[in-house]
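Just so you know, the protein sequences line up as chains A and B, in that order.
So in my numbering, spot 100 of the first sequence is number 100, and the numbers just go up one at a time.
Add 1000 to a position in the second sequence, counting from 1, and you land on the number used in my numbering.
Rather than coming from a laboratory, the hints here were simulated on the basis of the structure.
Every residue, glycine too, gets a C-beta built ideally from N, C-alpha and C.
Some chain A residues judged to face chain B by a derived CB distance under 8 angstroms, without partners named:
1) Lys161
2) Phe168
3) Phe219
4) Pro225
5) Phe226
6) Met228
7) Trp229
8) Trp281
9) Ile401
10) Tyr405
11) Asn408
12) Tyr474
13) Glu476
Covered by chain A, according to a simulated footprint, are these stretches of chain B (three or more residues, beta-carbon under 8 angstroms):
14) 1058-1064
15) 1628-1635
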Amino acid sequence: MTTPPALSLLVILPESILTLLASFIFVVEPFVPKKKKAWIGRLSVVGLLLSGLTIIPLVGRDITAFAGMITLDAYALLFKGILLLIAAAVVTLSFRYVRVEKIEIGEYYGLILFATVGAMLLAASTDLLSIYLSLELMSISFYVLAAFMRKDPKSVESGIKYFLTGVFTSGIILYGIALLYGMAGTTHLGAISAYLSSQEAISPLYVVAIILLIAGVGFKIAAVPFHMWAPDVYEGAPTPVTAFLSTGSKIAVFAAFIRILMTGLHFDPSHFGPLGDLKNWGWLLWWVAALTMTFGNIAALTQTNFKRLLAYSSIAQSGYLLIGLVAASETGRIAVLIYAIAYALMTLGAFATSILLCDKNSRGDQISDFQGVARQHPAIAAAFVIFALSLVGIPPTAGFIGKLYLFNAAIQEGFYSLAVIGILNSVVSLYYYFKIIVAMYMEEAEEERVLSVSRPELAVLAAMAIGTLLLGLYPEAMIRMVMTSVQIFS
Amino acid sequence: MLQLVWLIPLLPLAGATVNGLWRNKQFAPLIAVGTASLSFLMASLVFLALMRGEPTVTVHLYEWMEVGSFHIDIAFLVDPLSAIMLMVVTGVGSLVHIYSMGYMHDDDGSPRFFSYLNLFMFFMLVLVLADNYLLMFVGWEGVGLCSYLLIGFWYQRPAAADAGKKAFIVNRIGDAGFLLGTFTLFTTYGSLRYADIFPQAGIATEATLTIITLLLFIGAVGKSAQIPLYVWLPDAMEGPTPVSALIHAATMVTAGVYMVARSNALYLLAPFSMEVVAVIGTVTALFAATIALVQTDIKRVLAYSTVSQLGFMFLACGVGAFIPAMFHLFTHAFFKGLLFLGAGSVIHACSGEQDIRKMGGLARAIPTTHKTFLIGTIAIAGLPPLAGFWSKDEILAATFQSGHFALFGAALLAATLTAFYMFRLLFLTFYGTSRVLPEALHHLHESPQSMTLPLAILAGFSAVIGLLVGFPPGRGWLHHFLLPVAGAETGHHLSLSTELVLMSLSVFAASLGLGLAFLFYIKRQALPLMWTERVPGFYRTLCNKYWVDEIYDAMLIQPLKGFSHLLWRFDQVVIDGLVNFSGWITLQEGEASSIVDRSVIDGLLDGLSSSLNACAGFLRRLQTGAVQHYFLVMVAGVVAFAIIFAV
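Chain B on its own, in the form it takes in the complex (with noise of 0.2 angstroms):
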């Protein structure tokens, strides 16, 4: 079974093909719900395997490259880590393939659409089942295209193609980064293998390993959309709501913290890098749950909360917690695609408003979205027995048992805000009185069922998966199944007691977002705007998002583009000044050797023969003599290399 692995990214590659090549409007969305499900099936087959106990396997495909000491294989490592990304690629994938069905149903270009989303799953299916790093650049830099593709899907408005090419501009300092480090890599271990490399990880230097592990890092928060290159990731939310739901929450993002878990055996030799993994998660968790607190875009209030909760990931890592990280990827790709996807929903009922002053009170006139927006609310703000409570616990935990005090102080403010913000969006969408516009108000309808229906099985799923791979805290299913990768070791247990102080410290926190948000938007509605006045400052920051945009584009923008400029009128003066130069020179030569021509070669030839010459005359009326001059250069390029070598 696992030997067919190579399966699973290759039918959605051959769904792309398909739809990009035969762009048939009604059998496209088939075609690309089919191998995404076979896929999720295949997927899910290598899972039950791996849980039965089956061996880590390498399915080696073929070799890709071989230079010297260079050695690439196109090869896939299936493992418990692997095993875990592929169930929600593919199934949180699946469900978003089957969403788009509906909501995409009247877009003319749906063929592209699906044919851009089959070939992003088959590329994010590469990067993790990669067995090297090289071979995971590919699939990295592949979903970084077809991420690229999709914001910009509707590349007619200028907002969309905008918010296109800045999440590729950025996206690529990272990825300068991590193909730095994956340079390192190779000087270092002469190998890009995983299976090489982390064994011997120890044999390179502490200095080296940070390196290393700070470059891979750069990529990461490029990926995953951490400070300070997060800036893309709601400029990204102009591309089509699944699209946001699959790529910009559940899958993509991810990537990074993916990377790190995998590459746990070099960051735990490299604390310095550990402690910046840490302090980079927490600073964004925070910084961005503020952000979202004021956020105004049912769509951006969800993108900077991915965001933040991104953040609790790298602090999971950065603590040497990477099963907490890797369980908390695993929620979080529930809860956020049903969250992205609900939008989704509410947008569409809404005709295409995504701004939550303009709702209110849609509870009742979309029923089945409400129910799953709420799980999914209840699920990220940490509110047990839900999904995100268990995984964001054991986060905190972890933050607490390392000692990291500030650190889980300032995760546990995070984890308040973000039941603050998520209460937030979640009562003025669906409670109070309708704000909602009169011309969208009679269009107001539930979604199809091709939408309900993936909103109900991430409904479930966020509703359970908690409990059931991670109860009890620390030593749940998932815990044993990923402890041979990345099995950190976790040292001494918490006391009994310590875990249930922490875990009421979670809940109150979460509950203490809840209220508030319930104090602010239910029951006095008039708090929201006396706060904005009292601190009128702060409400401005915020709602400039920290004016980090502004500030990238005066320190960093206009200074390249002046540069650019200056480059530019470089080229303008000195190289096309040479080029006219050289086309100059070219003609004086012509001219020289036109006069060598009528002087000494023609005066040899009239020397010679006049009937050479009336030949030399002929061809020289046809071809103006280049002819010759050919000649003379071939035999001067004899001459020179005769005297260089020969005398």
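Bound conformation, chain A alone (with noise of 0.2 angstroms):
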């Protein structure tokens, strides 16, 4: 079991390059002239796209390191390749938006980037702890980050909130660590695997256990009932930020949580027996996720604020990839990582909107801000409306065919209520979606706007739009290689 110490480097070579790079962005930052801050943005995308390039020569690999705590397989390489490319978006989307809003700050490009090492390492863990220290990097960086716009009240009351709510989580998450490991005696997931497989009897602090992982991972996805911190820290917080928040913590904490269920706890259809029964707490995660869709889409039929908007969509979004962990079958994991690529794509698209129209007068975050632009910009709308469409799940998009997945995976497992949930969702979900449309196609503008967009975000923009239709209408590359990622599950 033990890895030679070059081999143990060469598997976090990818978070090692951004560890070194953000390390190095604070120490300098204060000899940056305000001038020239915008360097170190260009810097950190560079950093990125390097890091992404060093994860090719490691793919086929299948590496141990640090005493069992990170692996190195297809599974982690997918999901790395994933967060880096949205942080490489999220962070070509500040450029103009820092600017705009005036925290042109190093640290800011440094904490996104010890963020990603964060959710990077996440989808890597192979053991509780590493799993919960890689989630307090990436929860740390994300309390300051909330809190970046400090002389906006919303802003700073965003990250407290965030702060406040992450940490009482975080002692939610280790209390359940700790009762595992107190029945285990191991935190090593397949350890604690093996250990379960020797049981006859489950005990009930198992059981307690796990609904304090699934409180706690719930907080991290914004599952109902621990989603009540989203729609205020997605709102203040400065909005790639919160774009990052909604893509990369949440598809990182995702591939964590599928790893703990399938390796961990050996998560199968035979948990979901009959309610007494100890071993079926299966239902629990059919509850969350039900409930979730449910609350996320009728929550967000009412708002005014864009931001505030997604957020509750975005509790949404998470209820639409529970149900693939429901499933609980290969096709259901295939299911949830081809919702989260496609998730990913529309998401921070949706958000790129909001920030390519934010400019001096107007954060671009209400939904009156989006009257008109069809007019002056139809490029942005036509945008729009794929994102809107994929988000949905309307065909030829990347969202439909992730929701035909979800859903064929619940059908499949005799899980029809979820899916029959999870369709009627779909369909109150086009309600708000369809509003900025409106607002966007149908509505004039109070006064006119002339955005200053520049040429990284329309970059962005145009990619998000393109891989969403591109997934859309030629998906099969993608289901290959989730298809082998999911292999070390079965």
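Please assemble the complex out of the two chains, which come individually in their own frames, going by the hints.
This is the structure in structure tokens:
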């Protein structure tokens, strides 16, 4: 089980690059003149892409390092790639935003890099301790990032709220981990799984530990009833941070959660017997999924703030993703991964639209800011239509393929009611996404607004739109990639 | 060669994308015409390869989705049936593109126009090349969308915008039928590929097959403008004339016929559906022809004529004569495309005038248009040896042969009417005294060459194509070509004498129509007025198109509107009430929780330590206590789950 140190370092090579770069940014930041801060952002994108390049030679390897804490497999690599791309997009989207909001400080980029490192390690962790540590690295970066517009009370509120609730959740997760450790005598997922198969009866404490873990994870992915922080934090945080929080952070936590469930807890359809038997705690996830979808969509209906609306939408999307976990089959896992990729594209795209609309006079986060956009900037409006179609799940978009797989996974495992709830919720979601489209196409702007859109932002927007369409029209390559990456669980 | 067939739809798509993004007025027509012609070139090569006897192939591009047993490929089927359609779509399509260069020259939106037109080509080609019903549906919806966009191209005009909406909504009814048919197909056969379904068509019961074919036919009725869903097509004439020629005459509206012919293996096993198809087709043919008798808008006459001709094609399908149906589709594409483009040229010459009462005597002013229009008229009227005669004669013969004598009689009457209204149109437009308004008179001019060239080419085809591919009747080249895919058993051939009698009947019908039109509109021009006075009720019924639009409005649209209004009220009162109620509940809950906060939580904190209390107080001032509220919910959630699952 011991891996030579050199090989261990190879396993975390992409993360090491980012860590070094982030540290470098923190050191040189004070020496960079105010006018040149933009270079730090550009450097960060280069670093992220460089880190992405180092993934390529690692493809196909399967190494465990650091005494079984961190692993390098197809599953981890897929998520690392996705997270790096998300981070690169977020940093690019920040260039103009930080200037407009007057928060052009190097640490901003450094913190994003640290959050990325945390997210990437989260996807690669195979031990509850390393999972917890990566989660904290990511979360602490986000606490600061959320409050980064420190002159804006809303941003400060957002940061403090996220911090308080986040710390509270850390306690819950740690408690869950401690209970599991107390029972199994180990925090390694593989060893926990071995311990569980040697046991015949299930102790109530074990279920309590699982409930605590699910509560902790549920908080991070904004699942009902652990979601209350999300709208406030999403609304107040700088929009690129919100975008990163709702995509990168959520996807990384999902990656870790799937690993815990599959590798550590042997989660499978046998956990769905009649209630009353301790073994059947699978229903817990079922209820969280159903509540999350329904609550998120209904609460989104009456929102007038775009970021708040997307926060509720993002809650609902977590609910859809949970459907794939409930199905607990290989199809379910594939579906979660496909939908996660689709979700990253369309959600980032939707936030990018809001960032593009942000200028000195308005933050671009009210639905009224979207009025008449179609007339002045038809390309931006058209891109948003693609994201909205995808979020609802209408072909030919990535979101459609993702939902198709999710609902199909649910139906294959016999969770008909969950699939029906999901489909009904998609119908509800049509209303609030199209409310924005209506504002863009059918309503007139109160005043003429000329946006100073920059090329990098437009490039990200275009990439997201093309990606969303492409994965809807030609999903074969993505599906094949996802299929190989979930092989590690079978 | 056949492996490259995917290039045929891809080229117009590339053109549409380039023109859609790069709206250059100068290059847009060139890009559009270039991609359309290249696509035509490729289609011709594919067609020639098939003619040389290369076997049918399925070109598998990639897997679109696979979920459980549901498996859909992006794959193109190249067989004689799709090859014929390829030729029609790309051939007429390219000519219409060329024609549009002249027709749309002065329009500011021409890049948009060409982008839509190219996009239409793409979807239409996907429709005909698809190797499964779902991909066909993608094309089916796509052409519907393009049709909507192009009918409403001049969206500043309310009539055009309304017509676009009408076409879209009416088509939705048909599309719903198609979609349900597709679902039923999948549940019955477990696949949507033609190659999986047709060979084992017989495994379904006749009842299931009847349901499937009728549902699919509803789709065809919508797309191909048959009774009762034909109402959108005449209104669609608000679009630019090249669009009417390409979409609403030559290609898109024939998609329904193509689909029925493609599904012939299913229809042949559902005799009841066949009867329905035949009867609907015949009734539509006759019904639309009578309306066309009195229309005064040059494009609307042609629109009703299209509806009527499509009826003939469905009649052929219904009596099992799929090859004659495709034959008529083929010839109709040429002469109806020609007539529409000719009408466009006339309208162009008359400065936008479409009313034939304000035309007349144009033959000398626009000679090329006149000559080609004349050829088109003779072709559609069914006078030998032009194209329409051969295909229409085959349909009539097949109807007679199948023993549907009533339908045969009705079809013969419709053929007579066709000749009558077409020659009426020709005479009123090009002959007699000029009734052109003075201000339009000195603008009168022949169209540019980019418009007359397509006219000449189409006229050439309309003249000879029938003889070329359809002679001798029932055994022509087209029959041999299509036999492997649409080869319904034709049974015993008619005897030569019967065939000759039928042929002369059909010639007689056409001549009768021609003669009557000559009598009414050249010889004794007082006759039409006399007749309208003699049967005023019938005349008014025809002029008002049997009041079908009004009946639909009263019976369907108004009740629907009332129902929507009711739902809206429901929304206002009940749903909004619920939302307000939930808002009220949330407020109350907030109140309650703040009381809990103040009394219970704060009390606890007070009891625990004053420093924590100070902290909580600080947070509450900053946060109005909401964070504690969040904690409360989270903990409540954990406790609730623990109670449910662990206790």
